[in-house]
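4 protein chains.
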Amino acid sequence: MQQDTRRCRCRDLGLAPGDILPGPLNAITDVPGVRVGHRAVVKGPQKSAVCSGVSVVMPHEGDPFKQRLAAACHTFNGFGKAVGLEQIRELGQIETPIALTNTGSVGKVAHALAGWEFAQNPDAVSVNPVAGECNDSFLNHLPGQHITEEHLLDAIAAARTGPVAEGCVGAGAGMVCYGFKGGIGTASRLLPDKKGGYCLGALVLANFGIREHLCMNGIPVGRHLEHLRDSLPPPRHEKPDEGSIMMILATDAPIDSRQLGRLARRAPLGLARTGSIGSHGSGDFVLAFSTYNPMPANAKAHTISLIQDQAKTMNPLFQAVVETVEESVYNALCMASTTRGYLGHVVHALPLDEVKELLKKYQALEPI
Amino acid sequence: MQQDTRRCRCRDLGLAPGDILPGPLNAITDVPGVRVGHRAVVKGPQKSAVCSGVSVVMPHEGDPFKQRLAAACHTFNGFGKAVGLEQIRELGQIETPIALTNTGSVGKVAHALAGWEFAQNPDAVSVNPVAGECNDSFLNHLPGQHITEEHLLDAIAAARTGPVAEGCVGAGAGMVCYGFKGGIGTASRLLPDKKGGYCLGALVLANFGIREHLCMNGIPVGRHLEHLRDSLPPPRHEKPDEGSIMMILATDAPIDSRQLGRLARRAPLGLARTGSIGSHGSGDFVLAFSTYNPMPANAKAHTISLIQDQAKTMNPLFQAVVETVEESVYNALCMASTTRGYLGHVVHALPLDEVKELLKKYQALEPI
Amino acid sequence: MQQDTRRCRCRDLGLAPGDILPGPLNAITDVPGVRVGHRAVVKGPQKSAVCSGVSVVMPHEGDPFKQRLAAACHTFNGFGKAVGLEQIRELGQIETPIALTNTGSVGKVAHALAGWEFAQNPDAVSVNPVAGECNDSFLNHLPGQHITEEHLLDAIAAARTGPVAEGCVGAGAGMVCYGFKGGIGTASRLLPDKKGGYCLGALVLANFGIREHLCMNGIPVGRHLEHLRDSLPPPRHEKPDEGSIMMILATDAPIDSRQLGRLARRAPLGLARTGSIGSHGSGDFVLAFSTYNPMPANAKAHTISLIQDQAKTMNPLFQAVVETVEESVYNALCMASTTRGYLGHVVHALPLDEVKELLKKYQALEPI
Amino acid sequence: MQQDTRRCRCRDLGLAPGDILPGPLNAITDVPGVRVGHRAVVKGPQKSAVCSGVSVVMPHEGDPFKQRLAAACHTFNGFGKAVGLEQIRELGQIETPIALTNTGSVGKVAHALAGWEFAQNPDAVSVNPVAGECNDSFLNHLPGQHITEEHLLDAIAAARTGPVAEGCVGAGAGMVCYGFKGGIGTASRLLPDKKGGYCLGALVLANFGIREHLCMNGIPVGRHLEHLRDSLPPPRHEKPDEGSIMMILATDAPIDSRQLGRLARRAPLGLARTGSIGSHGSGDFVLAFSTYNPMPANAKAHTISLIQDQAKTMNPLFQAVVETVEESVYNALCMASTTRGYLGHVVHALPLDEVKELLKKYQALEPI
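Protein chains in written order, with this note's numbering: chain X, 44 to 411; chain C, 44 to 411; chain V, 44 to 411; chain H, 44 to 411.
Be aware that a few hints might be false.
Because identical chains share one entry, a pair is satisfied inside a single copy or across any pair of copies.
Stated by the list, open to error - Derived DSSO-like pairs: lysine-lysine, alpha-carbon spacing no greater than 27 angstroms straight-line: (1) K109 to K237; (2) K90 to K109; (3) K343 to K237; (4) K355 to K238; (5) K238 to K109.
No wet-lab data here; the hints were simulated from the structure.
Could you put together the complete structure from these sequences and hints?
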């Protein structure tokens with residue numbers, strides 16, 4: 044985990060979106076047991092430059108194949124290649140880590156993830172790997188399908204609790220967001236006790252949007268930065284619609300797969316706060332899981348205490364989803380560094396000083 | 044159509060959300076052929092006060108049972124009682140006007156709507172009425188189920204092209220939005236020729252949200268108005284979760300039901316821009332139709348020219364959806380007047396002067 | 044409950060489909076607490092003859108608005124007007140009885156059902172009535188919308204545990220199935236203890252199919268009865284596609300809404316065994332609920348012991364679904380009597396003697 | 044294509060399910076342009092025996108990435124690992140061949156399929172490979188993930204129009220169906236001109252069901268063959284729920300993705316006719332496409348003549364779906380040969396002589 048020390052998280056700029064306070068790390072790893080691992084793959088020469096990687100979210104400290112978690116998914120825009128969603132919908136649980144990578148390599152990564160679980164579970168004859176992807180073809184020679192099984196294993200080996208590296212790490216290496224460098228971002232919310240006391244975290248792989256749509260805390264930052272079009276030009280995609288975002292939600296709240304589906308369906312509201320119109324080419328997927336009640340794979344029955352759906356119980360979780368998704372996108376943008384990749388293409392980092400000034404000018408950094 | 048002349052639409056305040064220009068009326072009726080009709084039902088005494096009504100959107104100049112339109116629906120939060128969605132999903136078309144009313148009367152209104160179509164079509168033996176609802180029980184004696192078949196017929200009879208009355212009209216009479224008086228709102232966008240030249244309009248029945256969440260053009264207006272809590276108190280719902288919004292989208296773009304579904308799924312992004320977190324009790328539904336290619340009910344085949352899904356063709360429509368839904372909510376809030384209803388309950392209108400001042404202070408009225 | 048004594052259930056013919064044994068009543072009321080009530084509405088003169096009715100399934104002994112049950116729905120063919128499904132999908136529970144009636148009256152019946160719950164629950168301001176329908180327009184003057192609120196209240200008042208009247212009762216009065224008289228049918232299965240020991244029952248409102256498709260226990264009975272075309276002509280529908288079937292599943296198994304959805308999706312396999320091809324005009328809907336764990340309406344949490352999804356736990360329930368739906372259709376056909384209705388239209392009863400002879404000849408009555 | 048000459052298709056036994064006549068080949072390749080290719084992979088030693096393969100359906104004569112076809116999918120039981128369905132749902136089209144293989148190799152095959160399309164389309168930066176799987180772990184060392192990219196390329200290279208090899212070919216090498224050897228099966232129906240004159244074909248990878256459930260033309264063949272339990276024992280799965288079936292439907296009818304979805308949802312009715320109860324572990328997926336109107340990948344609009352949804356237009360197609368799926372399963376069973384694989388496991392072929400005798404005895408071979 045090597046991060047550009049000139050970059051910082053959005054709260055370091057004074058930008059603190061939402062009303063609920065974050066957990067101690069302001070990361071998906073605030074949910075106890077959740078681990079994150081990255082393996083970036085960056086190499087030249089430019090003609091077949093690789094600028095991509097793999098990230099994994101390990102849903103708990105153990106093997107999710109042995110101890111299953113309640114889960115749900117939501118497809119906001121299905122123009123994407125996410126793997127493993129059918130079984131989550133049917134059975135309401137995940138049985139592997141969640142891997143993220145690029146569009147051309149998602150099949151290989153799913154294959155490697157199944158292989159890893161087969162290795163952990165010698166008696167297993169069926170595994171449902173869950174893998175999502177975004178399209179990094181502006182910076183990465185995507186059709187080369189350069190991600191290998193080793194890269195996935197590296198990301199798993201690197202997974203740990205604690206602070207999460209953001210920006211150009213793991214699968215985020217080559218991603219572009221709102222015309223600036225994107226990638227991995229994360230955030231969390233810790234509900235006060237009277238709202239349940241639960242923790243909810245998000246992690247996104249942000250690779251969507253055009254510059255003129257970027258909003259931060261309600262301020263149309265993208266349009267305000269129009270004067271930088273010459274000094275920090277946005278990438279000239281030949282196919283400007285090849286965006287996407289993968290959103291992963293984790294919580295320790297005692298909720299089942301149906302309720303996790305309700306959480307997942309709120310995630311796009313967080314995107315909307317950053318300016319998204321849900322563009323055609325942006326395959327936007329949400330995966331949500333609860334660490335509350337790991338179920339042994341072969342259990343025939345289990346007893347569980349669940350929240351019931353009431354305004355008082357669900358709204359704090361919904362709000363936490365919207366806020367963490369919003370803040371995760373900001374963190375991806377704030378933490379990612381200017382990157383040069385395939386064919387010499389350059390994607391500029393969000394200019395933090397200008398952004399801070401702007402938000403200050405428009406009073407979007409002040410508490411109300 | 045009797046409107047409070049002290050109220051105005053959001054653009055009259057200088058608030059012009061989004062980038063695309065509206066059509067001439069900035070209303071769903073900018074889509075040629077679309078008609079809107081309202082019938083408010085307001086009467087005392089307070090113990091069983093009625094403060095409700097019916098609104099209808101007539102999808103074209105004729106009878107939609109004879110000339111069917113491509114349609115789609117999207118359930119963002121299914122905690123609601125909308126009627127008629129199953130058949131829209133299966134057949135991809137609507138065959139009746141779309142009616143809006145209160146939660147307790149939606150069955151009766153659906154019944155009346157079917158009866159109206161039976162009367163227009165003596166040979167019909169099957170009609171799929173489409174009706175949505177929001178819960179106006181703070182101002183209306185909802186369990187009394189006071190809306191009658193006559194009221195629906197009145198709304199249909201009142202339907203016309205041209206400007207659309209907003210706020211406390213029709214089904215909007217008793218609605219509450221972000222702790223202020225809500226109701227009917229509408230807006231439209233006219234795409235420039237190079238983006239297809241199509242018209243898209245939205246009409247909402249806005250009855251959702253709590254005051255502290257209200258945002259307008261990125262400014263957290265609800266929290267800024269906190270000092271008015273004593274002079275303009277928000278309604279003290281005993282059941283604060285009984286909100287909802289019905290969103291209707293109309294367009295003349297040549298798109299089919301699958302593509303209309305893609306439009307419908309973007310509508311919640313417009314809600315998010317106004318501050319919504321998609322709260323538990325808010326049954327949020329979207330209905331979308333295209334006037335492009337009316338199909339005779341008994342046709343066995345038809346020839347149609349359709350847009351293909353590309354970034355250039357779809358993104359302008361998606362953006363228009365997000366912008367019109369956002370602006371429709373603002374219009375509902377800006378146009379609705381302070382209302383006293385059931386048990387003497389009062390819901391205050393959004394204080395326009397304060398809002399204008401706020402938006403000006405935070406530079407949200409300026410073009411960028 | 045006045046039944047034609049010349050009619051009998053399919054097991055009285057020796058036709059015992061499936062492998063699992065029925066419960067004592069071989070009816071949905073074998074599931075403890077489930078009650079069924081019928082109110083047929085039959086009157087002349089022929090020009091506006093009413094030949095229809097209402098049936099209700101009360102999911103337990105109490106008021107489902109106070110004690111909610113886990114529930115799910117499945118739309119196999121959405122060409123229908125069922126009411127109340129959106130909220131079941133979102134919240135995974137039912138809060139009213141399930142009512143069945145004709146297509147033209149489903150809005151009125153939903154209205155009446157909400158009104159009944161409002162009357163039981165003076166503080167309620169939101170009720171989600173669940174009502175399904177089939178199209179009885181060959182025998183009933185459907186566009187007249189003749190069912191009243193009183194009829195629904197009569198059906199509720201008539202609801203009881205114990206044997207269930209079948210055929211031309213309640214909503215079944217005017218229904219047509221496979222070209223013979225259809226209507227209400229029911230069946231149940233009692234799983235042996237080693238398969239969980241649970242009870243599962245089905246009740247159908249059968250109004251679908253053309254004669255040549257009818258199969259019974261694998262024998263193409265419809266085609267074998269072709270020689271009766273002159274003596275027992277099938278109804279000449281002007282709109283032969285206006286069929287439908289409503290299928291209700293009840294169980295006492297400890298399963299949640301996601302798992303009930305899995306059960307519901309198997310119900311069409313039972314239809315297929317009777318010869319259905321899922322024809323265009325047949326709006327086929329399934330509602331499933333579990334009586335296991337009634338939840339107080341205002342609970343914020345609850346503890347529940349649930350079956351986990353394993354072959355051993357789920358397959359017996361799936362098989363019970365398929366078998367009870369199949370047998371319910373046979374019972375509807377076997378119990379319904381020849382009926383004359385609107386415009387003098389006649390629908391003949393399935394000729395039981397011929398059927399018995401046929402099944403015997405083709406050895407479909409023998410145990411294997 | 045090396046087939047066991049002692050095996051034959053079900054019509055060679057006299058078993059001709061359904062009413063509509065097949066096309067000349069009674070195969071999915073009766074739909075003009077559709078090609079099928081197989082690559083079986085079978086090798087010892089027994090400890091890590093490979094008994095699996097890849098099959099591909101090429102939807103037309105060209106490259107589906109350049110000329111897209113309208114498509115739909117349906118998940119009857121999502122307990123499976125099919126890849127590529129999200130984008131089909133969103134965009135209503137397929138852009139690659141459809142590949143079938145085993146559960147452990149579906150990620151690798153999807154990867155290879157994307158790679159093949161990247162090779163055909165040097166400018167492509169996004170491909171959505173579609174791949175399905177069934178679990179052949181009784182005969183194949185599935186966790187070894189033995190299928191390679193070469194195997195997929197071999198199957199593509201082998202694809203051609205004309206007769207289709209069935210049974211233990213391609214992905215069918217190691218499949219088990221109703222306790223007998225299963226695998227690939229196909230069938231077609233050619234609608235008479237008055238019913239539209241369209242062709243519809245099915246191809247299945249059949250790997251589901253337990254012996255006692257097998258029905259053929261209404262006769263419970265599985266139970267009748269109980270006396271062969273000693274001589275032809277069914278496989279003793281340790282995990283008896285690891286079945287599945289992939290169903291592919293092709294037609295030249297002018298229908299869009301919504302209508303193809305309606306066809307896809309009827310496919311399980313065909314399964315039901317063969318005895319399926321939709322068991323827990325059987326991930327049952329349907330993919331349907333129409334060859335009618337190939338759309339250039341970059342088209343911004345297109346003009347198309349579509350069937351409208353009427354009983355007369357849709358029911359013949361629905362019936363063809365049900366009949367071809369039923370017959371495809373029979374053909375898989377009839378054509379597959381006894382196979383020995385992993386750990387010496389043996390799966391016996393369906394005993395054709397006994398089956399023929401049985402069907403004759405129960406008069407299921409006679410036309411009615």
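Original post:
Okay, which hints does this one fail, numbers in order?
Top reply: The structure breaks none of the hints.
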